[in-house]
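> Protein sequences, first through last, are from chains A and B. This note's numbering puts the first sequence at residues 1 to 266. This note's numbering puts the second sequence at residues 267 to 601.
Keep in mind the hints are simulated off the structure, nothing from the lab. Given the structure is predicted, the values throughout are model-derived calculations rather than measurements. Worth double-checking, as some hints may not be accurate.
Unchecked claim - Quick list of in silico lysine-lysine cross-link-like pairs, DSSO-like style, CA-CA up to 30 Å:
hint: 1; chain 1: A; residue 1: Lys259; chain 2: B; residue 2: Lys597
hint: 2; chain 1: A; residue 1: Lys223; chain 2: A; residue 2: Lys239
hint: 3; chain 1: A; residue 1: Lys111; chain 2: B; residue 2: Lys564
hint: 4; chain 1: A; residue 1: Lys155; chain 2: A; residue 2: Lys239
hint: 5; chain 1: A; residue 1: Lys149; chain 2: B; residue 2: Lys428
hint: 6; chain 1: B; residue 1: Lys591; chain 2: A; residue 2: Lys21
hint: 7; chain 1: A; residue 1: Lys21; chain 2: B; residue 2: Lys564
hint: 8; chain 1: A; residue 1: Lys15; chain 2: B; residue 2: Lys458
hint: 9; chain 1: B; residue 1: Lys591; chain 2: B; residue 2: Lys492
hint: 10; chain 1: A; residue 1: Lys223; chain 2: B; residue 2: Lys597
hint: 11; chain 1: B; residue 1: Lys596; chain 2: A; residue 2: Lys259
hint: 12; chain 1: B; residue 1: Lys383; chain 2: B; residue 2: Lys419
hint: 13; chain 1: A; residue 1: Lys53; chain 2: A; residue 2: Lys155
hint: 14; chain 1: A; residue 1: Lys155; chain 2: B; residue 2: Lys419
hint: 15; chain 1: B; residue 1: Lys315; chain 2: B; residue 2: Lys298
Stated by the list, open to error - Far from chain B, by Cβ distances over 12 Å, these chain A residues were calculated:
hint: 16; residue: Pro40
hint: 17; residue: Ala58
hint: 18; residue: Asn72
hint: 19; residue: Lys155
hint: 20; residue: Lys259
Using N, Cα and C, we set each Cβ at its ideal position, and we do this for glycine too.
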Amino acid sequence: MLNIVVCVKAVPDPKEACNIKIDPDTKTLLRCDVPLVLNPLDKHAMEAALQLKAQFEARISVLSMGPPEAGNIVKECLALGADQGYLLSDPAFGGADAYATAFTLAKGIRKIGSFDVIFCGMASSDGSTEWVGPEIATFLGLPVVTLVKKIVECKGASWIVKASVENGYRLAQVKLPAVFTVTRELNTPRTLSFSGIIKARKKDIDHWSLDELGVSSESVGLKGSPTIVSELNAQEENKRQVEILTGTREEKTDMLVQKLVEAGVI
Amino acid sequence: MGTDHRAVWVIAEQINCHLQSVSLQLIGQARKLADQLGTLVEAILLGDKIEQPARQLIAAGADRVYLGNAPELEVYQPELYTQIAVNLASEQQPEIILIGSTDMGRELAPLVAAHLKTGLTAHCIDFVLDKELILEQRIPAYGGLLSIVCPEKRPQMATAAKGVFATPEPDDSRTGEIVLIDIPTDLPGRVKTLEIIREEPQGVPLETASTIVAGGAGAGDIDGWKDICELAAVLNAALGSTRPAVDEGWAELETMIGQSGKMVSPEVYIGVGLSGEQQHMVGIVGARVMVAINNDDKSPIFEQVDYGIVDDCRKFLPALIEQIKQYEEKKNTCE
């Protein structure tokens, strides 16, 4: 039995994330009720697990750390085909940087207990740090390969994967248990099915708080984070005086071609 | 020279014995910080037959290079590279470690940081020392600039992308020390790089392109994306993208412009179907002419460009491409 853990994150919907701004006066974030969704790259991590489950006898556990609302994305993963969901949620976990996030998730993975393969998306659309996967690996004492774009060989306890490098790839050999962070090139995520949603109703989500995880409040959340935001400045953006080219579509293409000629492009 | 502060480090990177430009750019930043702290700039460089790149680091501003020079270090080996950096940093306790946001750096940096139980800030665009000489690591976010600090843990670690900082002028008369380091042999051997294959990039490279056509989520679907690709092709421009376009699967990761992608400085930039989100815009440095095509006249992109077209790019692009082709034909027959 292959035990797979998929780490997922609830992020502000990337399609609306540009609406989150800094209030220049109070220097706090104006969230504008942007909904939380499953981080796009985590869908590929989930798909990687589901494809393995189609080949081998496997059990998929989905793990997330976040506010209670993040339970929705764990449910979504259960509907996609995961077997068990876990949500690490506690006010003490709030304000975590990548280090404290990875520390807490690693504790969660230890508590789940059985893990041969751990998948994470290579980055989250809001934090974009790429650190959580390799830091989880370090805390668990496991090997890691980041930016995986192809699983070449996955029979047995020694895998071969292709990782993305600029203009090419790195072929790496890894002994399980191991952590893999995945790129979107790895697969095409499936969409939710009606039967999946029905089946997910019977599946459980375990909610674990600080006490249940058995860690000190000093080592998680803001307190457990080596890095902090010291300042939040509304930046004077590189504003330019825009000239909007108006008219019929033909007039607009004419004007733009003229501008491109003047700019020396054509 | 004051000795209150330990050295500022750069974990440098070479590919086929050529230094990555970002390594030299970070040496320039490390020099600036070390001069203010009254300390030394030191670099770690791992590879095989790399005495020449080690001297280049000194010419760029390093005072000391810890050199791992052996066949088994020729390409990035996660366990070996991590162990060497962790051992050296535990022994020497640098104040700061800077690493390029390359494919290797983005894996190695968090491994080293987690082993050293310290923080790590991703993809910085500026480094400044505050009044207490703590490193402010600046990143763009939410339409502003965040300063991240690591007040208690040491070293303070950060990554930065290629092209964010200027490459220092080499001074071949600079002297520095090259320290050969021992290579650990007691590794678990659980992950190994078998080979790294790189190909010549296709098309016009983004970093040096004079014209860039960049597309975003507004392309709508893969057919809309193909129009953006065709516009780039007829203009002989490099193709760029935003994170959403990469996430949708239309664009290759290599084409992503911005804080976590590439920094570019074209003469002319044309943004199609993108909103001008800061993570993307911060990657465009000093373009002379900027153009945006977007169907939403309220989009923030229209505050950041010189010429704007408010139109559905699915309808506008085919018309524009046709017009450009006709113009080129006319020009050719006249010549």
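> Hints first: check each against the structure and report whether it holds.
Hints versus structure:
1. A threshold of 30 Å between alpha carbons decides the hint, and for lysine 259 (chain A) with lysine 597 (chain B) the separation of about 16 Å falls inside it, so the pair holds.
2. The hinted pair formed by lysine 223 (chain A) and lysine 239 (chain A) fails the criterion: a straight-line CA distance of about 38 Å is larger than 30 Å.
3. Using a Cα cut-off of 30 Å, the hinted pair lysine 111 (chain A) and lysine 564 (chain B) is violated, with the two alpha carbons roughly 49 Å apart.
4. The suggested pairing of lysine 155 (chain A) with lysine 239 (chain A) is violated, with an alpha-carbon distance near 55 Å, which exceeds 30 Å.
5. With a CA separation close to 23 Å, the supplied pair lysine 149 (chain A) and lysine 428 (chain B) stays within the 30 Å bound.
6. For a cut-off of 30 Å, the pair hint linking lysine 591 (chain B) to lysine 21 (chain A) is broken: about 41 Å separates their Cα positions.
7. The hinted pair formed by lysine 21 (chain A) and lysine 564 (chain B) meets the criterion: a straight-line CA distance of about 15 Å does not exceed 30 Å.
8. Restraint check: the Cα-Cα separation between lysine 15 (chain A) and lysine 458 (chain B) comes to about 38 Å, which exceeds 30 Å; the hinted pair is violated.
9. Straight-line distance between C-alpha atoms of lysine 591 (chain B) and lysine 492 (chain B) comes to about 16 Å, which keeps the hinted pair within the 30 Å bound.
10. For the given pair, lysine 223 (chain A) sits about 66 Å from lysine 597 (chain B) by alpha-carbon distance, which is inconsistent with the 30 Å threshold.
11. Of the supplied pair hints, the one linking lysine 596 (chain B) and lysine 259 (chain A) holds, its CA atoms being roughly 17 Å apart against a limit of 30 Å.
12. With a C-alpha separation of about 8 Å, the suggested pair lysine 383 (chain B) and lysine 419 (chain B) falls inside the 30 Å cut-off, and the hint holds.
13. In summary, the hint linking lysine 53 (chain A) to lysine 155 (chain A) is supported, as the alpha carbons are separated by about 13 Å, within the 30 Å threshold.
14. A hinted pair counts as satisfied when its Cα atoms are at most 30 Å apart, and lysine 155 (chain A) with lysine 419 (chain B) does not qualify at roughly 42 Å.
15. Taken as a hint, the lysine 315 (chain B) and lysine 298 (chain B) pair is honoured in the structure, with Cα atoms around 29 Å apart against an allowance of 30 Å.
16. Residue placement check: proline 40 (chain A) does not keep its beta carbon more than 12 Å from all beta carbons of chain B (closest about 4 Å).
17. At roughly 21 Å from the closest C-beta of chain B, the C-beta of alanine 58 (chain A) stays outside 12 Å, upholding its exclusion from the interface.
18. Chain B leaves asparagine 72 (chain A) outside its interface by the beta-carbon criterion, the shortest separation being 20 Å against a cut-off of 12 Å.
19. Interface exclusion of lysine 155 (chain A) from chain B stands, the closest Cβ pair being 17 Å apart, more than 12 Å.
20. Not every C-beta of chain B lies more than 12 Å from that of lysine 259 (chain A), the closest at about 5 Å, which undercuts listing it as non-interface.
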